[in-house]
Structure formats: C-alpha cells, structure tokens
Amino acid sequence: MLGYVACLAFYHVPDKSFGSGLNWRLMLGLACLPAIFILFQVPFVPESPRWLMGKGRHREAFESLEQMRYERIAAARDCFYQYVLLQEEEGYDVPTWKRVIEMFTIRRNRNAVIGSWIVMFMQQFCGINVIAYYSSSIFLNAGFSEISALLSSWGFGMINFTFAIPAFFTIDRFGRRNLLLFAFPCMCAMLLVAGFGFLINDTQGKLGMVTTGVYLFTCFYSSSEGPVPFAYSAEAFPLYIRDLGMAWATATCWFFNFMLAFTWPRMMRAMSPTGAFGFYAAWNAIGFFLVLWFLPETKNLTLEELDDVFAVPMYKHAIYRTRTFLNGVSKRVLHKDVKDPPPIYSHQRMAVTNPEWNEKVEVDHEE
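Under UniProt numbering, the letters of the sequence shown match residues 1 to 367, in that order.
Derived from the structure by calculation, the hints contain no laboratory data.
Here a beta-carbon is modelled for each residue, glycine too, at the ideal position from N, C-alpha and C.
Restraint-style ranges between C-beta atoms, simulated for each label pair:
| no. | residue 1 | residue 2 | range |
| --- | --- | --- | --- |
| 1 | TYR315 | PHE37 | 45 to 51 Å |
| 2 | ASN327 | ARG107 | 23 to 29 Å |
| 3 | ILE319 | ALA247 | 30 to 36 Å |
| 4 | LEU140 | PHE255 | 25 to 31 Å |
| 5 | MET271 | THR322 | 30 to 36 Å |
| 6 | GLU146 | THR170 | 34 to 40 Å |
| 7 | PHE255 | THR105 | 18 to 24 Å |
| 8 | ASP93 | ALA285 | 42 to 48 Å |
| 9 | ASP337 | PHE174 | 24 to 30 Å |
| 10 | ARG173 | TRP254 | 25 to 31 Å |
| 11 | THR105 | MET246 | 18 to 24 Å |
Assemble the whole structure, with the sequences as input and the hints as a guide.
Here it is as structure tokens:
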C-alpha cells in the first residue's frame, strides 16, 4: 500500500538539470524508509524462546514468553511445553540429507509437503501478484489515464491491506480449509468479471466492470488465500523437518511468483486481457478442488493430532471429502435427509500432567 502512495506522491516531480526520471528514482528510494524503520525496531523484539532454550537460557526464555502471553501461568505452560518438544526433537538425531529423503518417503511428511505445496502454488496461481505487479498497466489497458491508473492501483493496495485484517479473527474461527473453499469460487467469478469487462465497448462500462472485478477479487484473496498459506505450512510439518518443510514451501511460493511476473506480459499479448484473466480464473476453479480433496484442516490441532491427520492416505481423504461435499449439496440444495459419514480421523490423546485426562483415551475429530 505504501508503495502505491509513493508512486502518487512523486508522480508530478519534474525532471532536473542533472538528469531525467527523478520521479521514479524517488519512488524506488522511498522503499528504504520502512526497511530502516524496521531495522531500528529489531533490538526491541523479544528473542525466540525456542532459541533461548536451545542455548540453555531457560530463565530468559520464560521472560520472553511473558512478553507474549497475557498471564504468567500461560507463559509457564508454554515454556514447559516447548522444552519438552525441544528435548524430543534433539533426541531424533537424523542427518539433513536423510531428513530431506524422509520428507518425501514417509506418508505423514509427504502429505504435509503436498498440502503446503497446494496452498503456496495457489497463492501465486490464483493471480493476485499479476494484479499486484501489473495493476497500473491493467488499468491503462482498460482505458484509464496514467494518473487514474495509479489512483486505481492505490485503491487495490488499500483493499489488500484492509481486508487482510479480518483474517486475524476468521482464520481460527472458521478454519483454513473453509476460508479457501469459500474464497476460490468467488475469486474465480471476480476474475471472469474483470476479464469479460475488457470486451465491453463502452469506456465507462469497461472501467467500472474491470475495476469492480479486480477490487472484489482482492477482497476475497486478502481475507483467505493471502494469510492462510504461510500459517498452514508452518503448522503442517513435524518438528524435526519443519525447517526443511518451510524452506520447501517458501521456495515453491517464490518460484511460481517469478513465473507469473515473467509470463504475464506475453500472456496479455498472446491471449488478450480477457483470455489471460480467464486463464487464472480457471486455476481458481482448480484450486477449489485441490483444497477440497487434498488439504486437511489444521485448526486447533496439537502436534500429535496433526500426525494422525496427515497419516491418512490422500486418496482416502479425497474420497471422504467428495462424499461430504455431495452430502452437503444434497442437504442444503436438494433438502434431502442424508446421514453424515463417520469422522475420518481418530486422535489418541496422551495426558501426562492430569490423571483425569487419561479417561479421555480417544477423541474423534471432524473438520
């Protein structure tokens, strides 16, 4: 958002005697200011409790957690829990090369890889960064003047920022899967609206339809596929390969980010704006089914429960989710009385601090 503000602020800066293009140089240079501001904030950020525990500095780890929790008892609980997990992780001494192999050969790890790949791949191929990188040229093609295109791009950035805020409250309330399943059909529809808007001959109608499609697409993206991928990827992997898993997920994200940025101008020339927008609309439709079939829910699950969830074969997950989807259509659309299938996951709960918890041996989990 600040980048679009900078573009508008320096747009009318005139050229000087020492050279031309001063305005775009100032636009690029302004990006240093937020980075410098963040640099001076780093010393005030609490150190990672996990890192401190790894160095044997347990008291400092507890004090760091105190700054991030409302109550001391919550900090003490999380401090103990992280210590136990760290001890377990250190006891699993596996060389890096073997961990890389196990990331793809062990079903629980492989399913986490598939899930993180899907959300990261679709974060790019939903088409958001096409708009983020080329919004001004898209609006120029729709018929805007140069300054109006910059203003419209600022509107895109403002919407992207504003609608990311509700995700803080919805991502744990509704779950990662449900946000994506709701958003992908909506994003598909909005890209089609924007794409078909380019076919309108009336200039005002074209501007209105393209802008509406782009802005509404951004609303749906920012509250779902924007924040979900990195949160999901961080949760999906077991501790001993989490660093490798996040590296894989991040590499996936930026590789396909490069592909979008590199291919979009050629797609616009070869397929026209309508065809290019339709291409990414189709990927949003595909993304809906990828999430439906191959993306387990991770909301409010412990590490042990996540092991159970990702240990289920993907084909069983796809069959089960297809059945529940069709049952939902029968219930809500056709108003039929259909019995829900039994839960696909069965979690074993292990209690070590409260004997009464041991009475709850098995917990069925339904997403």
